[in-house]
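Q: Take these sequences, add in the hints, and give me the full structure.
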Amino acid sequence: MTNNVITLNNGVDLPAVGLGVFQTPPHETTTAVEEALRAGYRLIDTAAAYGNGAQVGEGIRNSGLSRDEDFIETKIWISDYGCDATLHGFEKSAAKLGVDHIDLVLLHQPLPSTSRSMPTVR
-19 MTNNVITLNN
-9 GVDLPAVGLG
1 VFQTPPHETT
11 TAVEEALRAG
21 YRLIDTAAAY
31 GNGAQVGEGI
41 RNSGLSRDED
51 FIETKIWISD
61 YGCDATLHGF
71 EKSAAKLGVD
81 HIDLVLLHQP
91 LPSTSRSMPT
101 VR
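According to this note's numbering, the sequence shown holds residues -19 to 102 in order.
A hint or two may mislead.
As the list claims (entries may be wrong) - Computed beta-carbon distance windows for the label pairs: (1) A(-4) / P90: 16 to 26 Å; (2) H7 / P92: 36 to 46 Å; (3) H68 / Q89: 23 to 33 Å; (4) N42 / A75: 31 to 41 Å.
These are calculated hints, taken from the structure and not from any lab test.
Using N, Cα and C, we set each Cβ at its ideal position, and we do this for glycine too.
A: Written out as structure tokens, the structure reads:
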């Protein structure tokens, strides 16, 4: 794998190529993540809705890399949109992954204009 990155507006380097675990059965996810990281992938893309967060975290821990060598991106499901709900969704995702931080959090899908406020940095 090459170390190509995309530098975000805030200066964070996002690996350009990563492993997505959408529809990866939980019993296969740990090995898939572990092997991808060993092969040189540094971005793991997951989401609360995928139902395999614990296995993603296990694969990351089993890879032998320190946490600062990988990049975890996750997505918040629509039921957790809104400032307080998003913060809660983030905490749930971090707990399932078993990590102390998540590198990038996205809203899983756009919604039509709603009265719910979007999350803000605190």
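Q: Go ahead and decide if the range 23 to 33 Å is satisfied by the Cβ distance of H68 to Q89.
A: violated (18 Å)
Q: Starting from the range 16 to 26 Å, see whether the pair A(-4) and P90 falls in it by beta-carbon distance.
A: About 23 Å separates the Cβ atoms of A(-4) and P90, which means 16 to 26 Å holds.
Q: Cβ-Cβ distance between N42 and A75: within 31 to 41 Å?
A: violated (18 Å)
Q: How does the Cβ-Cβ distance of H7 and P92 compare with 36 to 46 Å: does it lie in that range?
A: Since H7 and P92 have Cβ atoms about 37 Å apart, the given range 36 to 46 Å holds.
Against the hints set out earlier in the document, violations occur for numbers 3 and 4.
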